[in-house]
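The sequence shown begins at 75 in my numbering and counts up one residue at a time.
Hints listed in this document are in silico derivations from the structure and should not be mistaken for laboratory results. Among the clues, some could well be false.
[Claimed, not checked] When the alpha-carbon atoms are kept at most 27 Å apart in a straight line, the in silico DSSO-like pairs for lysine-lysine are as follows:
(1) Lys-125 <-> Lys-81
(2) Lys-81 <-> Lys-145
(3) Lys-119 <-> Lys-166
(4) Lys-145 <-> Lys-93
(5) Lys-81 <-> Lys-142
(6) Lys-82 <-> Lys-154
(7) Lys-119 <-> Lys-154
(8) Lys-82 <-> Lys-166
(9) Lys-90 <-> Lys-166
(10) Lys-93 <-> Lys-142
(11) Lys-166 <-> Lys-154
(12) Lys-93 <-> Lys-82
(13) Lys-154 <-> Lys-81
(14) Lys-78 <-> Lys-119
(15) Lys-90 <-> Lys-78
(16) Lys-145 <-> Lys-82
(17) Lys-125 <-> Lys-154
(18) Lys-93 <-> Lys-78
(19) Lys-142 <-> Lys-154
(20) Lys-119 <-> Lys-81
(21) Lys-93 <-> Lys-81
(22) Lys-125 <-> Lys-78
(23) Lys-166 <-> Lys-125
(24) Lys-82 <-> Lys-125
(25) Lys-90 <-> Lys-142
(26) Lys-166 <-> Lys-93
(27) Lys-93 <-> Lys-154
(28) Lys-142 <-> Lys-82
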Amino acid sequence: MARKVYKKYDTTQEGKNLKNADYTTWAIWRSGVPIFVARAYLEVKTNFDRKEILAWLEEALRYLNPPKSIKTWADFQYRKDEIILLRNTLQKS
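Throw the hints in and build the complete structure from the sequences for me.
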């Protein structure tokens, strides 16, 4: 289900409109999906595919480093730090 929500940021008209109108909000919301999924898996201590989650976090990180031609109103450092922390936690456990 989380993957469906994540994909909708690119595939629905609403997602496309948000990306074009306010890339920063779009990237923050979209990157939040894998972040919250990873946190939930870690919190409930369930079995999950760590490689898949790590790849998903890396994908989200790419959206937080947009080309200079895209105007943003934030540097995304908070989200980047969240991803780095989760990545380190997942790689250690």
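Hint check results:
1. Restraint check for Lys-125 and Lys-81: satisfied, since their Cα atoms lie roughly 19 Å apart, inside the 27 Å limit.
2. This hinted pair checks out: Lys-81 and Lys-145 have alpha carbons roughly 22 Å apart, not beyond 27 Å.
3. Pair hint Lys-119 plus Lys-166 holds up; C-alpha atoms about 14 Å apart against a cutoff of 27 Å.
4. With a CA separation close to 11 Å, the supplied pair Lys-145 and Lys-93 stays within the 27 Å bound.
5. Pair hint Lys-81 plus Lys-142 holds up; C-alpha atoms about 24 Å apart against a cutoff of 27 Å.
6. Annotation: proposed proximity of Lys-82 to Lys-154 holds, straight-line Cα distance about 22 Å (limit 27 Å).
7. Between Lys-119 and Lys-154 the CA atoms are separated by roughly 23 Å; this keeps the pair inside 27 Å, and the hint holds.
8. Among the hinted pairs, Lys-82 with Lys-166 is inconsistent with the structure: their alpha-carbon atoms are about 31 Å apart, more than 27 Å.
9. For a cut-off of 27 Å, the pair hint linking Lys-90 to Lys-166 is broken: about 36 Å separates their Cα positions.
10. With a CA separation close to 15 Å, the supplied pair Lys-93 and Lys-142 stays within the 27 Å bound.
11. At roughly 18 Å between alpha-carbon atoms, Lys-166 and Lys-154 fall within 27 Å of each other, so this suggested pair holds.
12. Taken as a hint, the Lys-93 and Lys-82 pair is honoured in the structure, with Cα atoms around 11 Å apart against an allowance of 27 Å.
13. For the suggested pair Lys-154 and Lys-81, the alpha carbons sit about 20 Å apart, so the restraint of at most 27 Å is met.
14. Between Lys-78 and Lys-119 the alpha-carbon distance is near 23 Å, which keeps this suggested pair within the 27 Å criterion.
15. Between Lys-90 and Lys-78 the CA atoms are separated by roughly 15 Å; this keeps the pair inside 27 Å, and the hint holds.
16. Among the hinted pairs, Lys-145 with Lys-82 is consistent with the structure: their alpha-carbon atoms are about 22 Å apart, no more than 27 Å.
17. Of the supplied pair hints, the one linking Lys-125 and Lys-154 holds, its CA atoms being roughly 18 Å apart against a limit of 27 Å.
18. For the suggested pair Lys-93 and Lys-78, the alpha carbons sit about 17 Å apart, so the restraint of at most 27 Å is met.
19. For a cut-off of 27 Å, the pair hint linking Lys-142 to Lys-154 stands: about 17 Å separates their Cα positions.
20. This hinted pair checks out: Lys-119 and Lys-81 have alpha carbons roughly 26 Å apart, not beyond 27 Å.
21. Proximity of Lys-93 to Lys-81 is assessed by CA-CA distance (about 13 Å); at most 27 Å being required, the pair is judged to hold.
22. For the given pair, Lys-125 sits about 19 Å from Lys-78 by alpha-carbon distance, which is consistent with the 27 Å threshold.
23. With a C-alpha separation of about 12 Å, the suggested pairing of Lys-166 with Lys-125 holds against the 27 Å cut-off.
24. Distance check on the hinted pair: Lys-82 and Lys-125 sit about 22 Å apart at the alpha-carbon level, within 27 Å; holds.
25. With a C-alpha separation of about 19 Å, the suggested pair Lys-90 and Lys-142 falls inside the 27 Å cut-off, and the hint holds.
26. Under the criterion of a C-alpha separation no larger than 27 Å, the hint pairing Lys-166 with Lys-93 is inconsistent with the structure, at around 34 Å.
27. For the given pair, Lys-93 sits about 19 Å from Lys-154 by alpha-carbon distance, which is consistent with the 27 Å threshold.
28. For a cut-off of 27 Å, the pair hint linking Lys-142 to Lys-82 stands: about 24 Å separates their Cα positions.
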